[in-house]
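Visitor: What follows is the residue order along each chain.
There are 2 protein chains.
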Amino acid sequence: MGETIDFRTEPARYRHWKLAVDGAIATLTMDVDEKGGLLGGYDLKLNSYDLGVDIELADAIERLRFEHPAVKVVIMKSGKDRVFCAGANIRMLASATHAHKVNFCKFTNETRNSIEDASEFSDQKYLCVVNGTAAGGGYELALACDHIMLVDDGSASVSLPELPLLAVLPGTGGLTRVTDKRKVRRDRADVFCTTEEGVKGQRAVDWKLVDEVMPRSKMDEKIAVRAQKFVSSATGKGVSDPGILLPPIERTRTSDANEYKYVSVTFDRENRLATITLRGSEDQPPESDDPSWLIQRGASFWLLALARELDDAILDIRLNELEIATIVFKSEGDLRRALDYDIYLDMCGEHWLAREIKLKWKRLLKRIDMTSRSLVTLIEPGSCFAGTLAELLFAADRSYMLIGTMDGDNRAPAAITLGDANFTRQYAMGNGLTRIETRFLGEPSAIDDAKESIGVELDAEKADELGLVTAALDDIDWEDEVRLFLEERASFSPDGLTGMEANLRFAGPETMETKIFARLTAWQNWIFQRPNAVGPEGALPRYGSGQKPNYDLKRV
Amino acid sequence: MGETIDFRTEPARYRHWKLAVDGAIATLTMDVDEKGGLLGGYDLKLNSYDLGVDIELADAIERLRFEHPAVKVVIMKSGKDRVFCAGANIRMLASATHAHKVNFCKFTNETRNSIEDASEFSDQKYLCVVNGTAAGGGYELALACDHIMLVDDGSASVSLPELPLLAVLPGTGGLTRVTDKRKVRRDRADVFCTTEEGVKGQRAVDWKLVDEVMPRSKMDEKIAVRAQKFVSSATGKGVSDPGILLPPIERTRTSDANEYKYVSVTFDRENRLATITLRGSEDQPPESDDPSWLIQRGASFWLLALARELDDAILDIRLNELEIATIVFKSEGDLRRALDYDIYLDMCGEHWLAREIKLKWKRLLKRIDMTSRSLVTLIEPGSCFAGTLAELLFAADRSYMLIGTMDGDNRAPAAITLGDANFTRQYAMGNGLTRIETRFLGEPSAIDDAKESIGVELDAEKADELGLVTAALDDIDWEDEVRLFLEERASFSPDGLTGMEANLRFAGPETMETKIFARLTAWQNWIFQRPNAVGPEGALPRYGSGQKPNYDLKRV
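Read top to bottom, the protein sequences are chains A and B.
All residue numbers for the first sequence refer to the numbering used here, where the first residue is 10 and numbers rise by one.
All residue numbers for the second sequence refer to the numbering used here, where the first residue is 10 and numbers rise by one.
What the hints contain is simulated information worked out from the structure, not anything from laboratory work.
Everything hinted at is true.
Chain copies aren't distinguished; within one or between two, either way the pair holds.
Below, simulated BS3-like cross-link-like pairs (lysine-lysine); rule was C-alpha separation at most 30 Å, straight line:
hint, residue 1, residue 2
1, Lys190, Lys371
2, Lys192, Lys371
3, Lys270, Lys367
4, Lys471, Lys371
5, Lys563, Lys339
6, Lys192, Lys460
7, Lys371, Lys563
The shape of chain A in the complex, shown without the other chains (with noise of 0.2 Å):
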């Protein structure tokens, strides 16, 4: 596992997935390379997947939304025979290390919910066809989708097997997901998922685990139906253009950094520190509502080729950089220029790509807040946190703000701005609420005096007086309190500081997104940690060794 783990993929490079698009209608269909496995040592029999399967589909239903901006369902299917999805590879399972277990759950969750985001903003809908046995992680893909059609032949069927077989419970939101979204009466879901062989047939679309069953022998003219009624009913947010390209992002690694055009990532790993700073762009936009600008630019639009990187470096971080304990967000740019962005962005209004790149720094932000390192927001002189940027502000846990200037620089103060973006709930969190909504649940008129400063330079005097910042500190205190914060949060358990960040960051109203990351994830987490799972003698271990597992029977 000392290998780097890379998110960057594209369709010509896929070795588990296959995409088609023919008009409004894209197919995805799931064929697993056996020998294609990331981290070595397993087969991914049966369309099991790792994580490498999952960054595929990830990128594939990105793509779909910005290369393909016309499809309005997304037929997704295996192209194994009888076979849907065998879910997690158990032998990864089984060999991975805590860490890489928790990580790879809370990957194939965002690639879930970016599906249940396509469809929900997107208008693409996803069809899933169980053509065969889905199993475990198989069953929770298709429950990520709209709608699950079952082959009715006796043998295909859906389950959650974690349970009975591996003593681990189902971890890309399916228990959730039988109870929340799809609201199977909770003595059933309790038969479900306790059934080994799963259920099939008339009783899977009785008990709401499917939506309609077929024969094996109507299958493609029922699934050609059904397409087309989603296709028909879709609200027209889709559109014929033909979408922009998506080319691989470039990134330069070197030792303690990663280079990108807008993002640079330093590594300080003797004290455990990752340091992000987000450039602003070279470029004015158009004071317009004219999104040929924007179509023109296309990948190369700064807000969003800055979210591609800045995703691709958190990833990074997550997988690859264990020890790093905090991340520090910096910025530098035009601060006025980095609101200007948002307002094209929003002056194009309801343009297809306008609204995907906003979607896409709604998921990258959400991201950010699942990601369990402490998160620090640094504003100095000549950074530009504005609108979109300033979110960066909320999605930490603590930001600092410089007052004044430091000694020798001849830069203007630092200050913020606000814009439309932090108030719209189109960077929704997790929780339904904006970043400042959530700040100030309990002070909701200082989200009020928060909008009135819209469009203003703040200082920092007056973003501490608007409780935006945790602290305003001038020259002298800066270096201390900062180095001191830095320290101690190196100083910290790592796994005390996991969990306290999964709480505090959290507060308010709790969704089906919220209860599957903590809820679900943290007894998963605990579970993963649990011998009964993954001792000598646990069932992971164990699965497929012929032995049965041996239980310490004591419930906790």
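Starting from the structure of chain A, add chain B where the hints point.
Guide: The following block gives chain B in isolation, referenced to the frame of chain A:
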């Protein structure tokens, strides 16, 4: 830890608390006996607590409601000089088993919730006087109260030092109550929870951590004024009745059984099974709205006596019978009479004792929901699952009902009857919904159908048709199906079941309460397993040793 933990106590036997009542004002003084640890091997210094201390607190809170209904405000204070409470005892935590830690936290959480329940529903407000250090669980106790008064003497402070000191989380709802009850801004919460010494004085008020500060010299005066304000604003739900006495619960324990008046618990340890049989009343309640019969019966009123006994039985299994996999609920008695008790309570209307009995059942049913054992309700001839008792059909993970009779049994076939109690939210789950609402999230019309059956004796087929039981089985299938279910349950990983049930039982909305039990508890349980907290070089064993913990630095 081989000794049996007994949850029964009474003020005369308290070692750690003093309860004094003066008209509408009660004072609950925490003065922990250092040498009175429940498990042995540690001293309860500085008003630190263990389960034994909390058992007394839970008892006092309950007695205030039943024995002192005229009390409108409870002043919670410390009997020690300049120390409010140092929280859960660290040596106890370091030496306790994982199961004990988890059960300890669960019970203390339920006790904190019962304070908030008394405040919301019984109009007994809690006023917390922090006269010195309120650290960790000490501050969490304050957080459960309605109003926190902090002495402003330059040293009294509130703190949640768990993370920096012990590498664990505050385990009694602290993080959730800081963000969601007191709505402290999240970056301030982050600073607060990472600051060992906590926050004192005006800053504690500014950050919403406490409600007011007061000079030490004016403490008594300020407390008296504040208490009087609460008394004046009480809505009058309280009464001038003297209350009823709660005598000790009588229990006969043998090696394989616990016998109470209305409850029998039998243990089949080989099959990891506890069967709890609830017996109906021998007396018919009056058809009247006169509460005098209720008052005269007092603690021997069937539904109250039953609730107290069942509560004790559940707690006994939780703490003392760790290897029991499944709890089977059965009942014996007159079905109609069981419902008549509900009807009589309803006719007594807003009488305080009728209200308290229902509230006791609400808390008891929630405790059952939170019990990490598989739960099954078996409905056989002669059973009396009506109204309140019928909630056990929906609290269970599954319920099975016998069709017809067993060979040689000449009793009438089993029936169940629903009552208003199943629909009014008087027994709302932690998620705020009734168990029937939660059950039928996906079929709201099924709730209406069930409601139409109120008062009707439903046989197995009808109950099944209405979706009220998991399965209706004839005598031929009954034995096999039930046995298979119980064997299967005993064969699964206890940890996996705990995680699965914790997810499947709580569909629908989340509340602060479910957030505490799900998000916070699950993360805490995870951390309680991690070497950084509990390993030989972890923070808990090394606390106070002078040696720093040695952390695995990987963030997970």
